[in-house]
Amino acid sequence: MSAVTETEAAAFVPADARRAGRMLNAAIIILLCVWVLLPIYLVLVNALSDPQTVTGWPKHFVPTFDLGSLSFFISYAGVLKALGNSVVVAVLTMVLSLGFGAPAGYALARFDFPGKGVFRLLVLMTRAFPLPLLALPLAVMFIRTGLDDSLFGLALVHTTLALPFSVLITASLFSGIPFELEEAAWTLGCTRLQAVRKVVLPLALPGIAASGVFAFVTSWNEVFAAAVLTIRNRTLTAFLIQSLDVSPLPLKFAGAAVLVLPALIFLFAVRKYLFSLWGIANR
Amino acid sequence: MATISIKGVQKSYGTFTALHGIDLEIADQEFLVLLGASGCGKTTLLRIVAGLNSPSRGSVKIGGNEVTHLPPRSRGISMVFQNYAVFPHLTVFENIAFGLRMQKLEKAEVERRVRRCAGLMHIEGLLERYSGQLSGGQRQRVAVARALAMEPSVLLMDEPLSNLDALLRLEMRAELKSVLQESRTTTVYVTHDQVEAMSLADRIAVMHGGHIVQVATPIEVYRNPATRFVGGFIGSPPMNFLPAEAVEGGWQVAGKRYEGPRADGLEFGIRPEDLEPAEAGFAGEVRVIEPLGAHQLVTMNVAGQLFRAVLDSDRRVSLGETLTLAPRPDRVRWFDTASGLAVAA
Ligand SMILES: Nc1ncnc2c1ncn2[C@@H]1O[C@H](COP(=O)(O)OP(=O)(O)OP(=O)(O)O)[C@@H](O)[C@H]1O
Ligand SMILES: [Mg+2]
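Chains as they are written, first to last, in the numbering used here: chain A, 1 to 283; chain B, 1001 to 1345.
Check before you lean on any hint, since a few could be wrong.
As the list claims (entries may be wrong) - Derived lysine-lysine pairs resembling PhoX-like cross-links, with alpha carbons at most 20 Å apart: (1) A:Lys81 - A:Lys252; (2) B:Lys1007 - B:Lys1061; (3) A:Lys198 - B:Lys1107; (4) A:Lys198 - B:Lys1061; (5) A:Lys59 - A:Lys252.
Since the hints were made in silico from the structure, they are not lab data. None of these values were measured; they are calculated from a predicted model.
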């Protein structure tokens, strides 16, 4: 309906004004794409070029497709293990922050309970303390409880970082799904839990996937806690910061590429949900 | 197939009381319409029957079983929501099958029932579509088909036609009526549209401010409103009211004497179509004339009150003319001034 009125309205706008509008639109889109893609492109070009080209002058914008840097990087002792650790921690973080965040978000969206506003605020407050402030006491506590240098322990810390966003994102997702749909499911034979599983979750899936990816990337990129809390079980970021500090430029590019790629691939895999076709609407 | 028995149901939200001790008995296979102005508590009452809200006090029985504290799924009801609540992530087929799958019916039986209900609502051709690809009227049909497929003992509907345009509403009304007459399911139907209520109901329960003020057949509600409110709420145009003054052996209304019941203070009520041009009666100056096709609606000023009459359109009436109309004696109604209750003549 609104599409019709828009086209009708557009018919009254002069043609060149419309063209100018379209060009402005295109320019902004191109600018944003360059902004995001250029650094990634440069990282990939340099990671895929031979070391001479990378360090030499003039700079090249076409990779020489030399896997030397990458293969050296991958075979570098400890990289593969760190990569695996990063994946494990990120997946754990994703599972934990959705596992706790989605139910909390549902409660915020659907129930009125005393202290709801305060709770909402407190969830965000956890992000008010800088991680370095928390990391040392946490390290002490982890050592006492035996969680230090364990992937699960690190995932817990990353979960505290990602959880506030999971809670708030899923809360807004769930409140965007008409409660009437759940009630309809109840009248059709569902328990409260079944209604959530059969109606709310499928509708919220795109957003939940996005929130999961967000948690994954939060953990994947996190350096500080990873560096402080792990020693033998380094994640990739912690490993890189420790070893690549002193490495030559080509290796840094290879490391950056390996860090960026999984995030890209993961986002690409869930893009279907992110740009999901069905609108979450009752009518 | 079931009776519904509502006893002393009260619902409070904080200090606000939305329902004041509702008592209502609904017979098996009856089509009962809850009619009332916006905010009078119709939806609240329906949701209490459905089990979506719980009453602050009182009890609900369906088919003789106490259900006051049972969840909706254990009550044998199904419901059509005002906004249809068609699941957007499922096809029409899966929407209609949703409740049947919850009951773990066999595949063939699910298929059979879905096809039958889709057929009843004339949406066989839409079974593979998603709700985003349907018009409002089609969505409405899906919602009704989904409720019917459950073969519930009680069907609850909350203003199911209110989002449709006038023509579609008329068409759907007739269709609903024929489908429900056939299925013979006990139905509670909420609306604020009196024409809808009149045309569908076996009985109408008129609600006002959290009370049920009258429960009766449509024609009874129309002819013999239990209170002044019902007379003024039902009928378009509504009933005329004139103040009455006690005189020797009757009541003086707008300068004319009528026989009436004995009471402390009364108001005189007459429906606009129960007035006929006559030599003697209510005289008033014609203020507005609205031709309606078969009839014309004439608004006059009688004894300082707005007074409407529905007259045959052949009768010539001109603005400013003084018209004299006599009420049909058997259609005159009296209401107690203090309580608003009807007083038998
Ligand atoms: N959750 C609530 N909290 C407080 N008051 C409420 C709540 N739900 C309903 N009410 C009040 O109860 C009264 C009855 O509401 P209800 O929804 O039953 O009206 P209705 O007759 O269905 O009206 P409509 O025709 O507009 O749908 C209203 O005055 C409404 O403001
Ligand atoms: Mg309502």
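Structure-based check of each hint:
no.	hint	result
1	A:Lys81 - A:Lys252	18 Å, holds
2	B:Lys1007 - B:Lys1061	8 Å, holds
3	A:Lys198 - B:Lys1107	19 Å, holds
4	A:Lys198 - B:Lys1061	29 Å, violated
5	A:Lys59 - A:Lys252	16 Å, holds
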